[in-house]
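Visitor: Spelled out from the first residue to the last, the chains are:
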Amino acid sequence: MNATPLLQVKDLRVDFAQGKGKVFQALKGVSLNIHPGETVGLVGESGSGKTTVGRVILGLTEATSGQVIFDEEDITQASRARRRDLGRDIQVVFQDPYGSLNPARTVGDTLAEPLLGDKSLSPTDIQQRISEVLQRVGMPTDTAQRYPGQFSGGQRQRIAIARAVIAKPRLIVCDEPVSALDLSVQAQVLNLLKELQESMGLAMLFISHDLTVVRHVSHRTVVLYRGGIVEQGDAAQVHEHPQHPYTRALLAAAPVPDPLIQRERRTQFEQARQALAAAT
Amino acid sequence: MLKILFHRLLMSVPLVVVVTLLTFVLNSLAPGDMAMTILGADGTREQYEALRIELGLDKPLMLQYLSWLGQALQGDLGVSHFTKESVSSLLNPRLGVSVFIMVGVLVVCLSLGLVLGVASALKGGWVGRAIDAFSLVGLIFPSFWLALVLISVFAVTLRWLPATGYVFFSESPKDWALSLVLPIFSVAMYSITSIAKQTRDAMNDVMGRDFIRALRACGLPERSVIWKHALRNAALPVVTVLGLVMIGAISGTVFVERVFVLPGMGSLAVSAALNKDILLLQGVTLYFTLMTVAINLMVDLSYGWLNPKVRLS
Amino acid sequence: MSALAYNPPSFIRRLLGRPLAVLALLWLLLLFVLSVSAPLCAPIDPLEQDLLALKQLPSAEHWLGTDALGRDVFSRMVHGVSITIAGVIEAVVVASLLGLSLGVSAGYFGGMWDRCVQQYVSLVQSLPTMLIMLAVLAVFGQAMLPAMVTLGVMGSAGVSRVLRSVTLAVREELYIAAARISGLSDAQIIVRHVLPRIAGPVIVQMSLFAAIAVIVQTGISFLGLGVAPPAPTWGSMIFEASASLNDFPWLLVPSGGVVALTVLSFGLLGDSLRDTSTESWSRPAVRQGVKARLAVKPQDLPEGVLLSMRDVSIVTSSGQTQRTLVKGVNFDLKQGETLGIVGESGSGKTLTSLSLMGLLPPGVHVSAGTAVIQGEVIDLSNEKRLTQLRGATVGMIFQEPMAALDPCFTIGHQLAEVIRLHGLRAAQVQAKVIELLEQVKIPNPQDVAQRYPHQISGGMAQRVGIARALASEPKILLADEPTTALDVTVQAEILALLRSLSQSRQMAVVLVTHDWGVVADICDRAMVLRHGQVLESATVVDLFHRPQHPYTQALLAANPHSAQPGEVLPTVDDKLMDITGAAA
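Protein chains in written order, with the working numbering: chain A, 1 to 280; chain B, 1001 to 1313; chain C, 2001 to 2584.
Hint data in this document are derived by calculation from the structure and do not stem from the laboratory. Note that the structure is a prediction, hence the values are computed from the model and not measured. Careful: at least some of the hints might be erroneous.
Unchecked claim - Far from chain C, some chain A residues (derived; all Cβ distances over 12 Å): (1) Ala3; (2) Pro5; (3) Val23; (4) Asn33; (5) Asp71; (6) Glu73; (7) Val92; (8) Gln128; (9) Glu132; (10) Gly228.
Said to hold, decoys possible - Stretch by stretch, here's where chain A covers chain C in the computed footprint (C-beta under 8 Å, at least three residues): (11) 2175-2186; (12) 2514-2522; (13) 2547-2556.
Heads up, the beta-carbon is just placed ideally off N, CA and C, and yes, glycines get one too.
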């Protein structure tokens, strides 16, 4: 793993105005790094600000203060034109497989979008790339002519992943990519993401509320609580030996699919919750 | 709630200014001006010029408007060059008629419109279709045509109600009421339909929402679910439409007052336009705009009262 | 992996399949033809007065009769078409172009421009239309064009409002964000994504506005403005009809009729366009009221069983075809026991629970099935009986806690409503409200009771939902994915709450979920549903440790929570292949 991080977030603060002078502090000074080829899992519950981090990196939300540095370039205040070029390096997979594809356009049309800005590609090149990437994500070749409405949630998410990787980006922000999928399909999508990352050398920011899912795909884990980082480190370390009371509470709260073990864990959760209440 | 009041009054100032300025400018563009109309064909050039200066027509347009506005704020709306009476003295007695019609339309379209809309939403099948057909009448026929049909049926044929003319309340309350029935219904037909349609759409939308299912699951009687919970939530979009509908009703009164020969502001507006009586038309516009402000205010306050999210913020 | 082979018929074909739309289009087409060929279609001169044939009813010579001056009514009507059509076109073009540009730009770009446009729209919509028209007509008395252009400008406000909200809805979609991230410019996004979505609403608005334009235009000519006399117009015909009201009311019919037909056509066209573009594919099912078979006798049931469901089948009808959503579901439930119904989306688990309440969505109904509750046998298609059971016997909590509360009433009010169904006096009701809120462990219950739903969090809203369900002291509680929409820490608390309540009140709980962890936490027994059928039903310990059905085994194995970190996650297809040795 490279020494220089691909993405650096330095002391990021994001405030949202709520009318009448009130301000909601979504992020209160968050710093993290992502190295090339590395997956960083960002875990938190609602109100933690995890989605906001992703949105700032993607340029969808403005930072109030702090820096986002991509490949040693400060992109915090990047212009619209610069953001358009960045679209080839930084891509996204959203949570909702139904809303992230335009139902009125064919899959091929949607997949072509990230390539439109690249003037060096001819229409034939683009078609070629679309076929390649569809094969890569395990979808049949005639997918490009069909409409999203003809596919299931899991299949649509594969298409969304295809759109994310077609321009060969270096960093993908995955915002809860499997939370809206059935359990039987989650494993397939997670496997796909992992496999693509390894073969393409992608860096990933994997945002989720589910610590266990994050554990599977991440090299390092960052735990976010109410706009601030409470713990970060090697994924195995954070998961097996959590230090902060919130991380412990989070781990204890997640029910384990084994009734006998779960029964014991209930008391653990009670203790963890009381410890958290005392600490905050 | 006071905030809502204040906000709406603030927003109304530009409205009044724009409307009166617009009519002022348009009127000033009319071929031939006031002086010419007063003098007629056989005035001399010197008389014409003198009259222009006397009437202030030689000053720039903006100044003329501002002087009109200044006087209007003090209650003086000028003198109609056509009838030589003061504009306010022409308008004030007519204000009552138009207001009565508008209030009547409001009452009728709210009561009938809501009931029809709810009935149409809840009872599909032939009841719904019958209501749709009835509502259609209000939508597709012009109000003045409906007025004529109503006159033909109720006044000429059945002789239950008067065809034209207005009786003041002080003379005979009974005849006053009778003389308003047909005009109010002629204007209201369109409004009833709009309200019924909006109510139906809103009810259908609300009835599909989760909390309706949850309330039923609690064992709440169906009448409570519909009349208390669903209607209350459906009222919000209906109220916003109500404002627009009432503003549309103002246009309706212009026609209907003509057909029924009622001494209201609407009929006066038409005569003023035909006679190019600028100041009178200005005055009428001002009065109607103030009426619009009152309508918007009532809508805002009602919406604020109905919607807790607005009321508490 | 098969994709649905599903290509809907084109928009035009669907539109032409609606008889009313076709009629409307035909009438409008007829008008258009008449407007350009009036002298051909109505050869009698509209101005010619036949003083020997005044006020005549329709005859072979005069198809629609004659008016007070002996002029042929039909001819006057046909010659008036072009004026109406011209006026409508003028107004609609102005309203659409202006409305489109204002609405789309305001909706897409937002910010200061959006606020300005909204103020402008608000102002214009408050203008008294006829008065402005009168002012315009005072200036340009004999010309229709300026008046119709003014009407168009005023109408553009309403049009832009509608288009703005459609644009806003599109702008919020995730695929717009994805397009922006992929580097598309605003112009590209508007052309690719916004305009196609806008096309439908624009045409609908144009249609509806055309209907209004016809009426206004008729009104103007009714007042004697806009057109130089003695040219025949529909409005002037109505005016002439008013003059002959006493002795010849017939004139009202053709003059009003032609206006009404035209307005109706525009309106129908607009409605049909709107319905065609948003219609779903199944028509609402006709309720079939099938009598469910009595599949069990109460005395056959084991001891202590509170609820028993037998042979429950649920179908949905669309036209001729019926689709089975749930087939032959059976289960028993004892007091104080929690049963989990586990399955993925489309397994029918939610429908099974809703069938007990008689709250199936429209178009879906029970085709067979009985429930036995405390010894009483109930036919599940007997909605009346099921309605009586709601609240006091069977309670329910739902997946979206905030959406399950009426936003217009306070928490306390909604709780009190349900409590009052049991005849408590006013003072007691208030106390019971607080007591219920305390039972679901809500802090500061007096304060919360005064709040509105939008002022509390999701977790608290679900506690309120539980409190409301408990208010009637039900013996059975149905919980439809009650924690899916909540954070995991909140979920743990809610599950703990449900557990303690079920024990303290000896309530039987049916918990519908897709989350195996939840099943492991709170359920005593569970059954696995797939495509509407029960695959397996057992105690929780047996189900997790000794699953029998291959599908259950595969699901459990594919759960990321059970897998070893670092390894490739086993997927359902893989596992089914391993176990059964054949393709899934």
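Visitor: Please list, smallest to largest, the hint numbers that this structure does not respect.
Guide: The structure breaks only hint 7.
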